[in-house]
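Sequences listed follow chains D, U and Y, in order. Going by my numbering, 595 is the number at position 209 of the first sequence; the sequence numbering is gapless. Going by my numbering, 275 is the number at position 151 of the second sequence; the sequence numbering is gapless. Going by my numbering, 96 is the number at position 54 of the third sequence; the sequence numbering is gapless.
Among these hints, one or two may not hold up.
Unchecked claim - Calculated cross-link-like contacts (lysine-lysine; reagent style DSS-like; alpha-carbon spacing at most 30 Å):
{"#": "1", "chain 1": "D", "residue 1": "Lys518", "chain 2": "D", "residue 2": "Lys440"}
{"#": "2", "chain 1": "U", "residue 1": "Lys391", "chain 2": "D", "residue 2": "Lys394"}
{"#": "3", "chain 1": "U", "residue 1": "Lys391", "chain 2": "U", "residue 2": "Lys344"}
{"#": "4", "chain 1": "D", "residue 1": "Lys394", "chain 2": "Y", "residue 2": "Lys143"}
{"#": "5", "chain 1": "U", "residue 1": "Lys252", "chain 2": "D", "residue 2": "Lys437"}
{"#": "6", "chain 1": "U", "residue 1": "Lys269", "chain 2": "U", "residue 2": "Lys285"}
{"#": "7", "chain 1": "D", "residue 1": "Lys394", "chain 2": "U", "residue 2": "Lys297"}
{"#": "8", "chain 1": "U", "residue 1": "Lys189", "chain 2": "U", "residue 2": "Lys230"}
{"#": "9", "chain 1": "D", "residue 1": "Lys394", "chain 2": "U", "residue 2": "Lys344"}
{"#": "10", "chain 1": "U", "residue 1": "Lys344", "chain 2": "U", "residue 2": "Lys297"}
{"#": "11", "chain 1": "U", "residue 1": "Lys230", "chain 2": "U", "residue 2": "Lys269"}
{"#": "12", "chain 1": "U", "residue 1": "Lys258", "chain 2": "U", "residue 2": "Lys399"}
{"#": "13", "chain 1": "U", "residue 1": "Lys258", "chain 2": "U", "residue 2": "Lys391"}
{"#": "14", "chain 1": "U", "residue 1": "Lys252", "chain 2": "U", "residue 2": "Lys269"}
{"#": "15", "chain 1": "U", "residue 1": "Lys285", "chain 2": "U", "residue 2": "Lys297"}
{"#": "16", "chain 1": "U", "residue 1": "Lys297", "chain 2": "U", "residue 2": "Lys230"}
{"#": "17", "chain 1": "U", "residue 1": "Lys230", "chain 2": "D", "residue 2": "Lys394"}
{"#": "18", "chain 1": "U", "residue 1": "Lys189", "chain 2": "U", "residue 2": "Lys353"}
{"#": "19", "chain 1": "U", "residue 1": "Lys269", "chain 2": "U", "residue 2": "Lys391"}
{"#": "20", "chain 1": "U", "residue 1": "Lys252", "chain 2": "Y", "residue 2": "Lys143"}
{"#": "21", "chain 1": "D", "residue 1": "Lys518", "chain 2": "Y", "residue 2": "Lys143"}
{"#": "22", "chain 1": "U", "residue 1": "Lys230", "chain 2": "U", "residue 2": "Lys258"}
{"#": "23", "chain 1": "U", "residue 1": "Lys269", "chain 2": "U", "residue 2": "Lys344"}
{"#": "24", "chain 1": "U", "residue 1": "Lys269", "chain 2": "U", "residue 2": "Lys399"}
Stated by the list, open to error - Residues of chain D clear of chain Y, computed beta-carbon distances all greater than 12 Å:
{"#": "25", "residue": "Ser390"}
{"#": "26", "residue": "Met438"}
{"#": "27", "residue": "Glu444"}
{"#": "28", "residue": "Gly464"}
{"#": "29", "residue": "Ala465"}
{"#": "30", "residue": "Gly550"}
{"#": "31", "residue": "Thr551"}
{"#": "32", "residue": "Leu552"}
{"#": "33", "residue": "Gly555"}
{"#": "34", "residue": "Ile590"}
{"#": "35", "residue": "Thr608"}
{"#": "36", "residue": "Asp612"}
{"#": "37", "residue": "Gln613"}
{"#": "38", "residue": "Asp632"}
Note that these hints are calculated values from the structure, not bench results. Think of the CB as a built atom: it goes at the ideal place given N, C-alpha and C, for glycine as much as any other residue.
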Amino acid sequence: MTQSGRRKAFSRFVEILCGAAVLLALVPLFFVFFYVVQQGFSSLNWDFFTKMPKPVGETGGGMANAILGTLYLIAIAGALAIPVGLIAGVYLSEYPRTRLATATRFTADVLNGIPSIVIGIFAYSLVVMPVKHFSALAGGVALGFMMIPIIARTAEELLNLVPGTLREGALALGATRSRAAFSVMLPAALPGIMTGILVALARISGETAPLLFTAFNNRFFTMRLDQPIASLTVQVYTYAISPYDDWHRQAWAGALVLVTVVFVFSVLARVVTRRLERMHRT
Amino acid sequence: MTETVVSETERERPPMLRVGAAPPEPKTASSLEFTSAIRMESRRLRFFYGSNQALHDISIRIPEKSVTAFIGPSGCGKSTFLRCLNRMNDIIADIRVEGDVLLDGKDIYGPGVDIVSLRRRVGMVFQKSNPFPKSIFDNVAYGLKINGLCPTAEMPERVEKALRGSALWDEVKDRLHASALGLSGGQQQRLCIARALAVEPEVVLMDEPASALDPIATQKIEELIYELKRDYTIVIVTHNMQQAARVSEYTAFFMLGRLVEHDRTDKIFTNPGQKITEDYITGRFG
Amino acid sequence: MAPSSRRSTDDRLFRLGTGLFALFVVLLVAGIAFELFRSSRLSVQKFGFGFWVTKVWDPVAGDFGARPFIWGTLYSSFLALLISTPIALGIAIFLSELSPKALRTPLAFLTELLAAIPSIVYGLWGVFVLVPLVRKLQVATPDWMRKIPLFSGPPLGVGMGTAAIILAVMVIPFTSSVAREVLRAVPNTQREAAYALGATRWEAIQAAMRYGRTGIIGAIILGLGRAIGETMAVTMVIGNNPQVSWSLFAPQYSMAAVIANEFTEAADNLYLSALIEIGLVLFVITLIINGLSRALIWSVTREVKVKAPKAAAPAVEKAAA
């Protein structure tokens, strides 16, 4: 083969390797999906969604407490993170070149990169240690802290996409900056921000580590902020490492629910983002 | 000599580009005579982006060891055609080429053509200089290295020859291993020319090589082109007509994807055959 | 009050008000750092720098040394990088340079899904699917291989190797998506320059990668940061045994895993403080790694605003010249 022929053959070889890399990465994806669906689907019944767990060793029961618990926790997390994240995002897009903005962006990135278990430690020190017991509040706070940087960054990006002429138009009509920001700019960016929030909520609903010693776990469900609470993720973990087959079965079902939520929100986010981009391009 | 084809009514209208109206085609094939051999030739080249035809029946001959300039208003297809000559358009998706482009008589779009060697024989210099983030030496030696054109021991010699050829040697000989990105714009462009010359091409295509440079750097490039034509066949796309008049022996005027007129430079600029060429050259549009 | 001065008071309040929320974020991170330092002081004072070198982790005797966990975290993360980097770069190259346009979006979406799967689901799959699989492989390892320290030890299924595999799978989508952004930010003229000199496709891609090499290194380091902080999937498959071993078969421990497992059982303050000190180390390491990676990536992508999803590299539709 000529030198040029050899180079081209090698180039073709590398191209094939890259394609193989893609396929290789998809293998675990399908592997995981397949197992979760196969093992979990049969256990997804009415009981699973409505019954409380049975005592240790008994079969049957469900994960109603855990599902409700997760919903409750993300509600608390959202209540903390959405206002903070949104308004911080507003600040970042209104005053982008101040020192505070740079510091905020930097620390938001840092916060985003902190391992979730370390956030759990912080929430523990803040909320659990002073009162010496686990609580839903502590878990919600931990999850909330994790959401803040995502929401802030999404809000900033989307607000920046709204044409500045909208703000100027409002100001020229005599609006105050806060009115321009909250009643003109924010609503314009809202669809995308909503998607970002939903994606963030879906992401933290899959978190386990920060809940292990904040919200801890609970066989029942009480809507009290100061009591420990079950969550789908921690429940799946507890069941998975237990020796009971019936619990393993339910763990797979729980995993299926988690994966479905994630999948649905990912698709949703993509669809909305694509539609938004199309709108902005015209 | 090409006939004047423009009708009376067209002469009266203001020379704006009318949507949908094609410029007049020369009625007879150009009887341009060349004294030297023909290095490259295109025969009825048609080029399509998807379903959109960008070049219509371009037939042109490029004589060796000369400078041919392509001029025309923006979007007329001159750069697209230039890039057909070394098949650079191949890297764009969804394109189609019909017709022939011959290099020394062989169709470069024919079956079994080795594009890698083609691009070695027909080199290209781009509008904005694009040196690699490497040393000056490594930039010039890049083509030699990947094509395996000479043993490593000979490379310093070939690099020096190329840098001398692009009139950059004296300025960089003491810092061959400094980063190429530290050079000025004009120097970077001459470096890119050296890089192209290092592989000893037969044809050098230049796509508006001086458009991003200041007047002094531009002048250096033009002087360089004048020197290079002794050894290389050069085709240069330029939107600067004075430049075309200064450096080239032959000029081709393109418009709306068609070759309107192709003749000796002095003839095109003093007594163009087509009215529309005259309008362009005198600055009535474009 | 005249309308203009009313407005400027409103504006000032607006800036102050929104600024407070931004400040909250800054203070939050500062608070985390402060709290970690404070709560680990007990352990820091007792053990000093010996904490990092001591292999012993004996909660009963009150003797704490973090070396096994640091070892486990670093070893598993570097192994994960070793496995994931070539695959992630291959994906990035394929998606940004080679893929037909129609395949690009679906494939990119699928790789994103890998990143969205919750860690606990990976852990579950790891325990029930991967571990038995690895155990079968371990049992099938020929005796001569077993003699090498890398493969020594009983075939338990759980261990460093399994953890590295799961970490690699989790890291791949992060590294590949950032590397893809970096490649998109590399100006096309670099590839064209290579092609014009007779480069093959792979050689032109190499030129692009060389231009974006700082960003690509940043992407890889980002993956490292992700692996280091991963908790659930690791703790379910690594074996949770505080031993330092080169063997891929040996059950070991990681920093995040020990915190997850033992935090609720830490009976006394010293124990808790030791665990929090480990958390502090995790915090500092990921801080440095993420900071470094961000700086590297930013230096390449800063030039180009990668906003609208314009397809990258060769498949860009260029207007006629």
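Going through the hints against the structure:
| no. | hint | result |
| --- | --- | --- |
| 1 | D:Lys518 / D:Lys440 | 28 Å, holds |
| 2 | U:Lys391 / D:Lys394 | 46 Å, violated |
| 3 | U:Lys391 / U:Lys344 | 26 Å, holds |
| 4 | D:Lys394 / Y:Lys143 | 23 Å, holds |
| 5 | U:Lys252 / D:Lys437 | 69 Å, violated |
| 6 | U:Lys269 / U:Lys285 | 16 Å, holds |
| 7 | D:Lys394 / U:Lys297 | 34 Å, violated |
| 8 | U:Lys189 / U:Lys230 | 18 Å, holds |
| 9 | D:Lys394 / U:Lys344 | 37 Å, violated |
| 10 | U:Lys344 / U:Lys297 | 18 Å, holds |
| 11 | U:Lys230 / U:Lys269 | 27 Å, holds |
| 12 | U:Lys258 / U:Lys399 | 49 Å, violated |
| 13 | U:Lys258 / U:Lys391 | 44 Å, violated |
| 14 | U:Lys252 / U:Lys269 | 23 Å, holds |
| 15 | U:Lys285 / U:Lys297 | 11 Å, holds |
| 16 | U:Lys297 / U:Lys230 | 39 Å, violated |
| 17 | U:Lys230 / D:Lys394 | 22 Å, holds |
| 18 | U:Lys189 / U:Lys353 | 5 Å, holds |
| 19 | U:Lys269 / U:Lys391 | 43 Å, violated |
| 20 | U:Lys252 / Y:Lys143 | 28 Å, holds |
| 21 | D:Lys518 / Y:Lys143 | 57 Å, violated |
| 22 | U:Lys230 / U:Lys258 | 36 Å, violated |
| 23 | U:Lys269 / U:Lys344 | 28 Å, holds |
| 24 | U:Lys269 / U:Lys399 | 49 Å, violated |
| 25 | Ser390 | 8 Å, violated |
| 26 | Met438 | 21 Å, holds |
| 27 | Glu444 | 22 Å, holds |
| 28 | Gly464 | 16 Å, holds |
| 29 | Ala465 | 14 Å, holds |
| 30 | Gly550 | 15 Å, holds |
| 31 | Thr551 | 18 Å, holds |
| 32 | Leu552 | 17 Å, holds |
| 33 | Gly555 | 16 Å, holds |
| 34 | Ile590 | 10 Å, violated |
| 35 | Thr608 | 20 Å, holds |
| 36 | Asp612 | 18 Å, holds |
| 37 | Gln613 | 16 Å, holds |
| 38 | Asp632 | 14 Å, holds |
In the structure shown, a violation is registered for the earlier hints numbered 2, 5, 7, 9, 12, 13, 16, 19, 21, 22, 24, 25 and 34, in ascending order.
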